[in-house]
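Residue strings, one per chain:
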Amino acid sequence: MNRIIKIIFLDILKNKIVLAYTLILALLSWSSFGLEDNSAKGLLTILNVILFTVPLVSILFATIYLYNSAEFIELLLSQPIKRKKIWLSLFLGLSLSMVAAFFIGAGIPLLVNAPDSVGIMMVIVGCLISLIFVALAFLSSILTRDKAKGIGISIMTWLFFALLFDGMVLFLLFQFSEYPIEKAMVAVTAFSPIDLARIQILLQLDVSAMMGYTGAIFKDFFGTTTGLAVSFLLLCLWIVIPFCVSLKKFKNKDL
Amino acid sequence: MKKIFYIFLLFSSFLQARVIEVGANKSVISITKAVALAKVGDTVLVHKGHYKEGNIIIDKRIVFIGKNYPVLDGQKKYEVLSIKSDGVIVRGFKVIKSGYATLEDPCGIKVYNKKNVVIQNNILDDNFFGIYIQNGANCIVKNNKISAYGKEEQRIGNGIHCWKSDKLQIISNTISGHRDGIYFEFVTNSIIKGNFSTKNIRYGLHFMFSNDDAYISNVFKNNGAGVAVMFTKRVKMLNNHFEENWGDAAYGLFLKEISDSNIVGNKFARNTSGIHMEGTTRILVEKNIFEANGWGMKIQASCMENEIKSNNFVGNTFDISTNGSLVLNTFNGNYWDKYEGYDLDKNGVGDVPFHPLSLFAVITENNPSAMLLFRSFMITLLDKSEKILPSITPDNFVDKTPLMHSLPL
Amino acid sequence: MIAIKNIYKKFGKLEVLNDVNLVFNKGECIALIGPNGCGKTTLIKSILGMVIPTKGDILFDKKSILKKYKYRDQIGYMPQIGRYPDYMTVGQIIEMIKKIRNSNEALDEDLIKAFELEKIFDKQMRTLSGGTTQKVSAILAFLFNPDVLILDEPTAGLDPLASEILKDKIIKEREKGKLILITSHLLSELDDMISQIIFMQDGKVHFHKTIADLLESTNEQKISKAIASILKSKQ
Numbered sequence: 001m002n003r004i005i006k007i008i009f010l011d012i013l014k015n016k017i018v019l020a021y022t023l024i025l026a027l028l029s030w031s032s033f034g035l036e037d038n039s040a041k042g043l044l045t046i047l048n049v050i051l052f053t054v055p056l057v058s059i060l061f062a063t064i065y066l067y068n069s070a071e072f073i074e075l076l077l078s079q080p081i082k083r084k085k086i087w088l089s090l091f092l093g094l095s096l097s098m099v100a101a102f103f104i105g106a107g108i109p110l111l112v113n114a115p116d117s118v119g120i121m122m123v124i125v126g127c128l129i130s131l132i133f134v135a136l137a138f139l140s141s142i143l144t145r146d147k148a149k150g151i152g153i154s155i156m157t158w159l160f161f162a163l164l165f166d167g168m169v170l171f172l173l174f175q176f177s178e179y180p181i182e183k184a185m186v187a188v189t190a191f192s193p194i195d196l197a198r199i200q201i202l203l204q205l206d207v208s209a210m211m212g213y214t215g216a217i218f219k220d221f222f223g224t225t226t227g228l229a230v231s232f233l234l235l236c237l238w239i240v241i242p243f244c245v246s247l248k249k250f251k252n253k254d255l
Numbered sequence: 001m002k003k004i005f006y007i008f009l010l011f012s013s014f015l016q017a018r019v020i021e022v023g024a025n026k027s028v029i030s031i032t033k034a035v036a037l038a039k040v041g042d043t044v045l046v047h048k049g050h051y052k053e054g055n056i057i058i059d060k061r062i063v064f065i066g067k068n069y070p071v072l073d074g075q076k077k078y079e080v081l082s083i084k085s086d087g088v089i090v091r092g093f094k095v096i097k098s099g100y101a102t103l104e105d106p107c108g109i110k111v112y113n114k115k116n117v118v119i120q121n122n123i124l125d126d127n128f129f130g131i132y133i134q135n136g137a138n139c140i141v142k143n144n145k146i147s148a149y150g151k152e153e154q155r156i157g158n159g160i161h162c163w164k165s166d167k168l169q170i171i172s173n174t175i176s177g178h179r180d181g182i183y184f185e186f187v188t189n190s191i192i193k194g195n196f197s198t199k200n201i202r203y204g205l206h207f208m209f210s211n212d213d214a215y216i217s218n219v220f221k222n223n224g225a226g227v228a229v230m231f232t233k234r235v236k237m238l239n240n241h242f243e244e245n246w247g248d249a250a251y252g253l254f255l256k257e258i259s260d261s262n263i264v265g266n267k268f269a270r271n272t273s274g275i276h277m278e279g280t281t282r283i284l285v286e287k288n289i290f291e292a293n294g295w296g297m298k299i300q301a302s303c304m305e306n307e308i309k310s311n312n313f314v315g316n317t318f319d320i321s322t323n324g325s326l327v328l329n330t331f332n333g334n335y336w337d338k339y340e341g342y343d344l345d346k347n348g349v350g351d352v353p354f355h356p357l358s359l360f361a362v363i364t365e366n367n368p369s370a371m372l373l374f375r376s377f378m379i380t381l382l383d384k385s386e387k388i389l390p391s392i393t394p395d396n397f398v399d400k401t402p403l404m405h406s407l408p409l
Numbered sequence: 001m002i003a004i005k006n007i008y009k010k011f012g013k014l015e016v017l018n019d020v021n022l023v024f025n026k027g028e029c030i031a032l033i034g035p036n037g038c039g040k041t042t043l044i045k046s047i048l049g050m051v052i053p054t055k056g057d058i059l060f061d062k063k064s065i066l067k068k069y070k071y072r073d074q075i076g077y078m079p080q081i082g083r084y085p086d087y088m089t090v091g092q093i094i095e096m097i098k099k100i101r102n103s104n105e106a107l108d109e110d111l112i113k114a115f116e117l118e119k120i121f122d123k124q125m126r127t128l129s130g131g132t133t134q135k136v137s138a139i140l141a142f143l144f145n146p147d148v149l150i151l152d153e154p155t156a157g158l159d160p161l162a163s164e165i166l167k168d169k170i171i172k173e174r175e176k177g178k179l180i181l182i183t184s185h186l187l188s189e190l191d192d193m194i195s196q197i198i199f200m201q202d203g204k205v206h207f208h209k210t211i212a213d214l215l216e217s218t219n220e221q222k223i224s225k226a227i228a229s230i231l232k233s234k235q
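Chains as they are written, first to last, in full-length UniProt numbering: chain A, 1 to 255; chain G, 1 to 409; chain V, 1 to 235.
Where hints are given, some of them may not hold.
[As the list claims (entries may be wrong)] Quick list of simulated restraints, FRET-style, between CB atoms: (1) A:163 with G:388: 14 to 24 angstroms; (2) V:86 with A:240: 47 to 57 angstroms; (3) A:19 with G:396: 42 to 52 angstroms; (4) G:388 with A:144: 32 to 42 angstroms.
Read the hints as simulated data drawn from the structure, not as lab findings. Just so you know, even glycine gets a beta-carbon here, dropped at the ideal spot from N, CA and C.
Only chain A is shown next, with the shape it has when bound in the complex:
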């Protein structure tokens, strides 16, 4: 397996898009930390990057890469290699390069400029988000043979989690504001990896507001060790489940 991962990883590293992604992340991070004397603005910039750019680039790049690797996959399939091994190698290769790009581009400036719980939490969450959206890319690219359709599904997935899901939550919040729905809302966030990630960072970044009455619902759940463990478990499930579903489909796919 290592041989295949190595081949894929090196192939992606040669890809100019990943290099550009890393560079843009680095440029954005360093400059937003450099502009202000306090790290608050830099953190906010990177927060938006984690919630917006990282998912988009991860899912889109991984999907396109998978479609472009159709020939490569076909070639490998005629060789004596397990299908599971091929798919897993592709996943690990892509994950590794996306996480590396995020870590070099945004992680290092974060750890240099904000080496506290906020910075560390953001690095961890950013890496997890990269992995989750690579996994979702695997799922959307296995759903259809058509490249354009597959990319469309990817973009829709990203749009849904980055924007539409929150819009729905906001709508629900206002529709049912008369009812005690706080607990239900906490449960709803489990359905969006971006929201889970965002709330974990929020608890570090806006700790003062989160300790107040408005934040009480989060503090009581997400702020506890159990809540933290559950959130990270859920984030991990967001990686494992889409990938496993795609793996099952890939095992039975005709090429």
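Model the placement of chains G and V on the given structure of chain A, informed by the hints.
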């Protein structure tokens, strides 16, 4: 002639004042007896030891001094030291374990309706109330260390409790673990300065119906609900630090029904709300630092004619929040780190007005669980569009002269 | 060596393979022919495990290949249209496959020399013509000395010279006792190479005969003529 008079006075005091020493190997063993023996103006000097004498009452003007912190133990039954004479000086004692009762308020040291009492350099530990000044005047409470270990509000008294008094000086005390660190009710013309009040169950400072007072350079840190100043006129709050007051109803500074007061040069850092204002009138909030609070200031709609100028707002989750649309307060020349305007004429003042009230602050005020969505892309988008075209937030909630750079405070 | 037992394959509603039963043995060179869309390529891909049959089983050395992969060690496959990662060079592709196979046995590099491919080792795959790509495919199929060679339209797109080189190579391998499976449209090309012929139509095996049988039963000299006469008599 005058000189001779003073020298005479000095000598006469030397002649009259005796020193009565109390200690295990001294002529007098009991403090109560020493106080009984003493005449007005005498000094009772207590040596190191552990004295369990129940309630000690000082009913004449004497100087009451402890050497090497003799322990006065109330055995959890008695009020330890009761001062019932003008001009008493109490210094250098370690007062511990006063009685516990909800009706009588037993204290470590209590002053009953007297003037010119000085309580200085004492250690008070594990008392129900620490120091209690009831109907006093011109009293000084200075350099005492007051600690207790209260767990809930009803089962512990205040650190320094002042009631219906005038011209008090509460200076450089350290208070922790009580209900309220310092409590003022009907106290006028007094000063609270340089105290450190921390980890008290309710308020670091609780201030009611106390006009014409000033509190300066105190530190209030990590108290249950911060500091509350209520129903008072003409208070000066200068150069204090309000820090790390976190919780459901915790404030750096809670103001209710305050008028004609100044809040200048303070620092509010890492509180749930820096300042929470209700029904305040004509308050000047100037040259303060609001840093890393959940809400910098919460100004309820019942506040009017307050002026907020030349402050630094840095790294707060929300700078300002309010519960209504009525704006009767002015903002001028503050520095807001969320300001994104420009300064073409390079005069240090932004050319575009700043609206410190964000849409999302208004939304969470009405629907607290919306906090769930804070900093999501959706909300950022809504906030940005509201900044450009205000529709829900009142458009006169505005700082027309926002600063480009933070003030050196 | 390879036994195909009652396999069915459906793509959606379309039945591509319908109850196919075949047995291939060592030393045989079998041509798989039939009209477009008759299921030749699907059958080949089923043997390679790239297409998973809806029903039925395929045995390789008496063991089922379903959910297995190790048996592919012994197969060399040349696809109809070889598709390779665009940005890899010819050399890199060959190197990569060598690494993946990680075989200790001697490599058969005859075709590399015969096609003079060393010259273009540093060319990227996307710059190659269809014929050159086919040459790469052919090299990869023969490279590891496999016991079974599966060649899907091997000569399509090759120039006559290369085509001859490949045919010679196939004959040489057949003489070594390997099982060779070829699909082709060009019947005239097959004459000197093959020992058996399978004709497929609409997902079914129409007939499976040795060449001698075929020529005898139709009284023809050439395979192409024999097939034509069979098709005519059927109509």
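Against the structure, the hints:
Here the CB-CB span from residue 163 of chain A to residue 388 of chain G is close to 19 angstroms, well matched to the stated 14 to 24 angstroms. For residue 86 of chain V and residue 240 of chain A, the Cβ-Cβ distance of about 32 angstroms falls outside the hinted range of 47 to 57 angstroms, so the restraint is violated. Look at residue 19 of chain A against residue 396 of chain G: about 50 angstroms separates their beta carbons, and that is inside 42 to 52 angstroms. Distance hint for residue 388 of chain G and residue 144 of chain A: a CB-CB separation of about 40 angstroms, consistent with the stated range 32 to 42 angstroms.
Going through the hint list in order, the structure does not satisfy hint 2, though it satisfies all others.
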